[in-house]
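Student: Quick mapping for you: the protein sequence lines, in order, are chains A and B.
Just so we're on the same page, the working numbering is the position in the first sequence counted from 1, plus 24.
Just so we're on the same page, the working numbering is the position in the second sequence counted from 1, plus 24.
Some hints could be false.
Computed list of lysine-lysine pairs in DSS-like fashion (alpha-carbon distance at most 27 Å, straight line) [what the hints assert, rightly or not]:
1. K307/B with K164/A
2. K157/B with K326/A
3. K106/B with K164/B
4. K326/A with K56/B
5. K308/B with K308/A
6. K49/B with K56/A
7. K60/A with K360/A
8. K326/A with K307/B
9. K135/A with K124/A
10. K360/B with K49/B
11. K360/A with K26/A
12. K185/B with K356/B
13. K185/A with K260/A
14. K124/A with K308/A
15. K360/A with K56/B
16. K360/A with K106/B
17. K356/B with K164/A
18. K307/B with K326/B
19. K60/A with K102/A
20. K185/A with K307/B
21. K268/A with K307/A
22. K308/B with K356/A
23. K106/B with K56/A
24. K135/A with K26/A
25. K164/B with K360/A
26. K307/A with K92/B
27. K56/A with K356/A
28. K135/A with K157/A
29. K56/A with K62/B
30. K48/A with K326/B
31. K60/A with K157/A
32. K356/A with K164/A
33. K326/B with K356/A
34. K49/A with K326/B
35. K185/A with K308/B
36. K356/A with K307/B
37. K62/B with K356/B
38. K56/A with K356/B
39. K60/A with K360/B
These aren't lab readings, by the way, just hints derived from the structure by calculation.
Number of protein chains: 2
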Amino acid sequence: MKEYNIALIGKGIVGTCFLNLLNKKINEISLKYEQKIKIVAIFEKDGALIREDGINIEEFANKECNFKNRNFWYDNLKAIEKIGDLELDLIVETTPTNMKTGEPAFSHIMKALENGIDVITSNKAPFYLYPDKIKNQAKKNNCFVRIEATVASCVPCIAMKEVLCSNEIIGIRAILNGTSNYILSRMTSEGLSFEMALKEAKEHGYAESDSTLDIDGYDAAGKLVILANELMGLSKTINDVKIKGISRITPQAIELARGDGLIIKPLAMVEENSLIVEPRLIKKESPLNINGTLNIIELQTKNAGPIILMGHGAGGYEAASALMNDLYYILKERNKTNVN
Amino acid sequence: MKEYNIALIGKGIVGTCFLNLLNKKINEISLKYEQKIKIVAIFEKDGALIREDGINIEEFANKECNFKNRNFWYDNLKAIEKIGDLELDLIVETTPTNMKTGEPAFSHIMKALENGIDVITSNKAPFYLYPDKIKNQAKKNNCFVRIEATVASCVPCIAMKEVLCSNEIIGIRAILNGTSNYILSRMTSEGLSFEMALKEAKEHGYAESDSTLDIDGYDAAGKLVILANELMGLSKTINDVKIKGISRITPQAIELARGDGLIIKPLAMVEENSLIVEPRLIKKESPLNINGTLNIIELQTKNAGPIILMGHGAGGYEAASALMNDLYYILKERNKTNVN
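Could you put together the complete structure from these sequences and hints?
Tutor: Structure below.
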C-alpha cells in the first residue's frame, strides 16, 4: 500500500483534535483510499518530533501528552527549515498565527507549495492577506490548498463552489463572528449595555481576553474576503473591505429598531462586488436572525434564490472535522490521478 | 469536440426551466468540459420530438412553444420504446409521476440504466419506493444517478454525502414540505383554523388543489427516505416511515404550546435509524423555527454538531438549477474517465 506522509504544524486545540479524528479514521482511510497514512512530523514552536517511519498517532493525540525530551524530539527545530527536507505529501497548518501578518502560517504554506506539497489549514490570515501569491504558487506546482476550516469552521461554505458549480453566486450576507453576534443578541434580549454583554461573553468563554479583532469586525472581514474570492471568483484582500465594528451600538438603538420590527445584526456582505462588514438592520423574521454563537451564510444564487448554511463557527473538533473533509478530498483526487 | 447526447423526458415547468438554463450555459459547458451538448429528444406524453443532429434548444426552451405537427415530431412515440435505440449519454427525467407507483419515471430510469445511460431527475417517487433496484442497476452498468433535485429542490442536501465525507451523519431533523409548514405557520401567527389556513395556502398557490399527500406527511416522508438512504447509508423505503399528518392540529394546541415557549412544526426526522414524520414541539428559538415555504434540513454530525441547510424547496428554476449542478457533476466525472 502506498504511504502518505503528513506533517502537522502546530499542535494546539485544533491540531490535537485533528490527530484524534485521524486516529479514529486510519483504518477507514486505508480501506477507502488505499493509502497508509503516516504522521512523520509534528512541529511545535520550540522544536519538533520527527520520525520518518511514522509517529504513534494514538499516543500523541492525547492533549496532555508532552513531546519534549522524548526520543525523536529535536529542540528548536523549525518547520520552515525542515519542510523541504522531509518526504511529505501534505502539511496540516494549524499554528497560532498573527491575524495582521499571517505569520508563521503564510511562510509554512508557501514553503510547502514550493516543494510540491499539498496544504490543508485552519489559518485564514494568509488567505485574506496574500490570496494571489498562494494561488499562483499552488497552480505553478499543481498543488491542492484546501481551506474549508478557515471560514465558519465545520460549515461547508467553501465547498459550495463545487456543489453549486453551475449556479453563479451573486451576493453574500453572513454572520461570521460568533462573539459579535453573541454580544448583540444579549444586548437585544436582555437590554444589556455593550460593555456588560462583552464582559458576560468573556465570562462564558465566547470572547477571548483581547477580543478587539472580533468586535471591530476585522475577523469577519477576513472570512468574508475568503468567501468572496472562493465563491465569487473575486481577487480581494482585507484592505478592500469597508469595516465597521459593533462597539458603538447602544441599547437605545436596539430598542428603536425593535419598535419597527427590526433587529441589529453584525453582517458581513458582498453587495455588487463590494465587501462590507457592519451592523445592519434586518427584519425580525429574517432567517439571518440567529442568536448565540452560530454562524450563518446566505448565498444569493443567480438561478435559485438564497441558499443558507448554518452551524457552529468555532471549536476544536468543528475545525478539525473540516480539515478532515479536506484531507479526504485530496486523497480522493490524488488517488484518481495515481490510479489512471 | 466530443458530442454529448441528452434526452429530456417530460417538458413541464421543471423541464422547460432546465432547457432555459441549459441554453444559457451551452458555451460555458463546451469551454469547461470540452463537450458539445445536444438535446436529441424531447419526450412528451403524446409523442416525441427526435432529432439526432440536435434540437434547437433556444427555440424549444420557450414555455409556450408548441411541438406538435412540426418536423421531427412523432405522434404517440413513447420514451420507454425509444430510449434504448437512441445514442444517449444522459436522460433528464422530469415527467409528472405518480407518487404511489413511481411511474412513468421509474421505468424510464431503469430503461436508461439498462442501456448504460446516466440519469438526472427531479422525480423522487422511484427513490423512496425502489431505491435498491435503481442502485443495483446503476452499479451493474457503471452509471451515475444524480438526484439532488428530488429533496428540497435547489438546497444541496444530497451533496452533503460528498462534502461531509469524513463526518458521519447520525441524525436528521428537517422541514421538507412547504405546504404543511405554511399552514402551521399561518395557524400560529394568525390563529387560523387548519381549514382556513389550507384554503389560504391554495389561494396563494402554496398548496395544490389536491394537497392530500402534502398534508398527510407522505411527501415529506418520501424525501426523508431519500435523505436517510443517501446521507446515512440506510436502505429504507417509504413503508419504513412512521407518518402522521398535520390535519388534526388545532389552534388550541398551538396556543397551549405557545404558553410554554414552544411551536408546532411539521418535522421529518431520522432518530436512531427510525424514520418519523409528524408534528413536533420545538423551542421558539430553535433554528428549525422557520416560517413560510422554506425548507430546512438539520444534519446531526458525529464530529461537529448540527449543520443546517435552508432555501426554497420548490419552484421550476430551483429544481432546474439542482439538475444543472448534477449535469455538471456528471460531465466532470465522465471527463476525468475519458481524459485518462
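Student: Taking only the CA atoms, is the gap from K164/B to K360/A under or equal to 27 Å?
Tutor: holds, 21 Å
Student: Assess, step by step, whether the Cα of K62/B is no farther than 27 Å from the Cα of K356/B, and give holds or violated.
Tutor: Satisfied, since the Cα-Cα distance of roughly 17 Å is no more than 27 Å.
Student: Would the pair K60/A and K102/A pass a check requiring their Cα atoms to be no farther apart than 27 Å?
Tutor: Roughly 26 Å separates the two Cα atoms, so the pair holds.
Student: Has the given pair, K326/B with K356/A, been kept, meaning a C-alpha gap of at most 27 Å?
Tutor: holds, 21 Å
Student: Would you mind confirming whether the straight-line C-alpha gap from K308/B to K308/A stays at or under 27 Å?
Tutor: holds, 13 Å
Student: For a C-alpha distance cap of 27 Å, please report whether K48/A and K326/B respect it.
Tutor: The hint holds at about 12 Å.
Student: Sort out whether K307/B lies within 27 Å of K326/A, counting only the CA atoms.
Tutor: Status violated; Cα separation ~33 Å.
Student: Between the alpha carbons of K326/A and K56/B, is the straight-line distance 27 Å or under?
Tutor: holds, 19 Å
Student: Do the alpha carbons of K360/B and K49/B lie within 27 Å of each other, as the hint requires?
Tutor: holds, 20 Å
Student: Between K307/B and K164/A, does the CA-CA distance stay at or below 27 Å?
Tutor: violated, 52 Å
Student: If you draw a straight line from the CA of K360/A to the CA of K26/A, is it 27 Å or shorter?
Tutor: Cα-Cα ~14 Å, so holds.
Student: Holds or violated: K135/A with K157/A, Cα cutoff 27 Å?
Tutor: Between K135/A and K157/A the Cα gap is close to 12 Å, so the pair holds against 27 Å.
In terms of the numbered hints stated before, the structure departs from hints 1, 2, 6, 8, 14, 16, 20, 22, 23, 26, 29, 31, 35 and 36, listed from lowest to highest.
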